[in-house]
Amino acid sequence: MQACRQSVVKRIRWLVCQSLVLSFLVVLPHTVYAASYTLYIRSGTHTINGNGGAVLKVWGYTDNSTAAPMVPGPQLQALEGETVTVTVYNQHTIPHNFVVRGITTDTAAIAANSSKTYTFTTPKAGVYLFSDTLNNNINREMGLYGALVVRAAGGVKKAWTGGPSFDLERVWVVSDMDKKNWNDVAGAGGTVSTGTYKPNYFMMNGLGGFDAMHDPNSVLQDTTGKVGLLRIVNAGQFDQSLHFHANHFQIVDKDGTRLSSPEPGDTINVKAGTTAMVLFPLRKGIYPMHIHSAQMETANGVYLNGVATLLVGN
Amino acid sequence: MINRNSKILNSLGVALAGLVLVLSPLLPASAARLGTTDALNAAGGVTIQVQALDKLMSDNQTVRFWVWCAGGMGGGGGGMGGCRIAGPILELGVGQRANVSLNVMMAPQESPPYQGHTIHWHGLDVSQTEDGVPETGAAVLGDNYSFSVDSRYVGSHMYHCHVHTVKHLEMGMYAPFIVKAVDGAGNFTNVINSGGPSYDYEWNLMYSSVDPAYHTAVGDSTTFADYNPKYFLINGNEGRSQTAPAETVTAAPGKKVAIRLMGVQSVNTSFEIKNAGGSSQSFTVHNKDGFKLPATQTLTKLDLSPGQTADVMVTLPGTAGSWYPQVTFKNLRNGGSYSNGVVYTRLNF
Chain A
1 MQACRQSVVK RIRWLVCQSL VLSFLVVLPH TVYAASYTLY IRSGTHTING
51 NGGAVLKVWG YTDNSTAAPM VPGPQLQALE GETVTVTVYN QHTIPHNFVV
101 RGITTDTAAI AANSSKTYTF TTPKAGVYLF SDTLNNNINR EMGLYGALVV
151 RAAGGVKKAW TGGPSFDLER VWVVSDMDKK NWNDVAGAGG TVSTGTYKPN
201 YFMMNGLGGF DAMHDPNSVL QDTTGKVGLL RIVNAGQFDQ SLHFHANHFQ
251 IVDKDGTRLS SPEPGDTINV KAGTTAMVLF PLRKGIYPMH IHSAQMETAN
301 GVYLNGVATL LVGN
Chain B
315 MINRNSKILN SLGVALAGLV LVLSPLLPAS AARLGTTDAL NAAGGVTIQV
365 QALDKLMSDN QTVRFWVWCA GGMGGGGGGM GGCRIAGPIL ELGVGQRANV
415 SLNVMMAPQE SPPYQGHTIH WHGLDVSQTE DGVPETGAAV LGDNYSFSVD
465 SRYVGSHMYH CHVHTVKHLE MGMYAPFIVK AVDGAGNFTN VINSGGPSYD
515 YEWNLMYSSV DPAYHTAVGD STTFADYNPK YFLINGNEGR SQTAPAETVT
565 AAPGKKVAIR LMGVQSVNTS FEIKNAGGSS QSFTVHNKDG FKLPATQTLT
615 KLDLSPGQTA DVMVTLPGTA GSWYPQVTFK NLRNGGSYSN GVVYTRLNF
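Here the protein sequences come in this chain order: A and B.
Sequential numbering from 1 applies to the first sequence in this note's numbering.
Sequential numbering from 315 applies to the second sequence in this note's numbering.
One or more of the hints may lead you astray.
[Claimed, not checked] Okay, derived cross-link-like pairs now, BS3-like style, lysine-lysine, Cα gap no bigger than 27 Å in a straight line: (1) A/254 with B/644; (2) B/570 with B/369; (3) A/179 with A/271; (4) A/158 with A/124; (5) B/369 with A/271; (6) B/644 with A/180; (7) A/179 with B/569.
By construction, these hints were calculated from the structure, which means they are not laboratory data.
For clarity, every value in this text was computed on a predicted model and none was experimentally measured.
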């Protein structure tokens with residue numbers, strides 16, 4: 001474990017050394033706006049690396065008919081007011097659906113081995129949770145969730161058209177899984193007793209902190225003083241209280257409600273199934289962002305492999 | 315004889331002056347402090363140590379905590395004091411420089427890789443070298459911390475250990491850190507935030523939750539994957555009923571009380587103030603996480619999630635009575651309150 005911690009420190013130092021390189025490498029996962037997406041619902045496994053990590057049985061949306069499920073699913077992107085078409089193929093053995101919270105209302109099932117096309121117009125810029133809402137939260141817990149990012153008109157770096165400006169952005173999809181009581185059971189075709197939920201894996205963009213602290217799509221890194229927009233989606237079952245070191249942020253959006261006067265804070269409670277957007281000015285140095293609730297900083301009890309990433313000012 | 319008496323008096327005077335000088339960081343600010351009164355000025359040169367504390371809980375179970383103690387110039391001239399859960403309170407004036415040392419030589423601690431302790435200045439936005447995070451370079455076997463803050467920070471913050479925080483935070487190494495506005499002479503003033511209203515009394519309420527299993531587990535135990543809090547505390551005390559509150563304080567009727575809410579618990583909470591008849595009393599919220607809100611909010615219930623703070627104010631009725639500020643601790647899955655999850659305090663006036 002000493003080696004593990006040294007390894008984490010080394011990784012963080014590596015991050016500093018590679019900061020310039022990273023600044024070029026960091027690109028949004030999908031920078032081309034598409035009016036249509038195709039998703040496939042598949043079962044498979046998802047690995048949490050690092051000490052305490054495990055291979056979890058999951059169900060997820062993915063962007064390839066033969067690929068492993070993605071946790072979270074592919075990031076969908078659109079502009080404010082754009083019409084988007086999403087075709088979902090259910091390649092799993094049980095019914096699923098696809099709902100963009102706050103935008104679409106069709107919760108009807110897509111039967112196994114069939115598909116459905118959803119067409120919707122993005123109402124306003126922000127970040128949205130899409131998920132499978134069926135099966136008493138089991139389908140979402142198993143990994144069927146993701147983020148839809150809706151940008152301001154023209155793709156300008158503003159939280160919304162006419163809204164506050166930012167220099168860089170990250171999408172943080174945070175979540176949790178109960179391996180023993182939910183994933184192992186549902187993944188083997190069993191019946192989950194949903195009254196008991198004891199999550200032991202906590203993820204940032206599907207990663208434990210061991211990976212998320214050097215994942216360029218999670219780490220917020222740029223020149224000191226630059227302002228980052230964090231689009232936060234809590235796709236989990238537990239409320240998550242995200243604590244930022246280094247600086248206070250400004251909350252500009254709480255679950256789709258824009259704040260005319262941003263609220264300051266260093267810790268934001270993003271309730272299960274909701275979203276938030278904050279503006280964070282980078283400070284020189286390396287600082288953590290982590291959940292401030294006991295077990296959520298761990299992977300099955302092993303520290304610093306839960307929901308954690310870094311805030312780095314070059 | 316007169317000369318001799320004068321000499322004795324002079325000596326006594328010098329001694330008293332010296333005592334006052336030594337104790338000056340202990341003296342309360344000009345507003346009365348309700349509850350614990352041993353706040354230290356972080357600019358006065360404070361040394362923090364860690365001690366084990368065995369606490370007998372309401373069900374006759376004993377839980378071992380690790381708590382902060384303070385000494386040095388800011389702590390009364392060398393003796394260690396304030397050794398309690400959610401203590402000692404540190405205060406710092408805007409523009410003044412905190413000077414705090416952490417000495418872990420005699421501290422209870424875990425084995426490597428989680429040995430030692432640090433202090434993280436939660437909400438104070440200090441530089442990386444003062445941030446107290448081992449994974450980004452903080453020393454774990456003793457350190458000196460020096461920092462200052464500007465007027466935006468007037469309000470309530472916290473300080474806590476950041477080593478293996480899943481355990482160390484739970485163990486009790488947390489306490490309030492209050493930033494004060496200062497006058498032209500550098501004395502603390504009693505305003506809730508920079509340019510904000512003044513108060514007559516201030517009262518710190520720090521929430522925490524306790525899972526006894528976390529107190530005995532060490533290292534990379536799977537115990538830390540499953541949080542089952544059994545005790546809920548305000549200022550380190552259970553307070554399961556209005557007749558057995560976690561803390562009872564008394565203020566004068568008609569006065570303004572600043573209540574500083576600091577949440578270091580690992581579950582969600584709601585704060586309310588009830589009168590003797592059970593009716594909710596409204597209060598004003600001025601700061602969140604130690605920063606001034608764009609507009610003061612008037613509420614009867616305020617949620618605080620793990621790691622958040624808030625500064626609220628109330629004006630007491632003009633006639634004598636009692637209010638019962640209380641905190642409901644709620645689980646993170648569906649917001650249901652825990653068994654024994656309501657902690658009461660009592661504010662007499």
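Hint check:
1. A/254 with B/644: Judged against 27 Å, a Cα distance of about 21 Å means the pair holds.
2. B/570 with B/369: Violated. Residue 570 of chain B to residue 369 of chain B sits at ~34 Å, over the 27 Å cutoff.
3. A/179 with A/271: holds (21 Å)
4. A/158 with A/124: Holds, at roughly 12 Å.
5. B/369 with A/271: Status violated; Cα separation ~33 Å.
6. B/644 with A/180: holds (24 Å)
7. A/179 with B/569: Roughly 54 Å separates the two Cα atoms, so the pair is violated.
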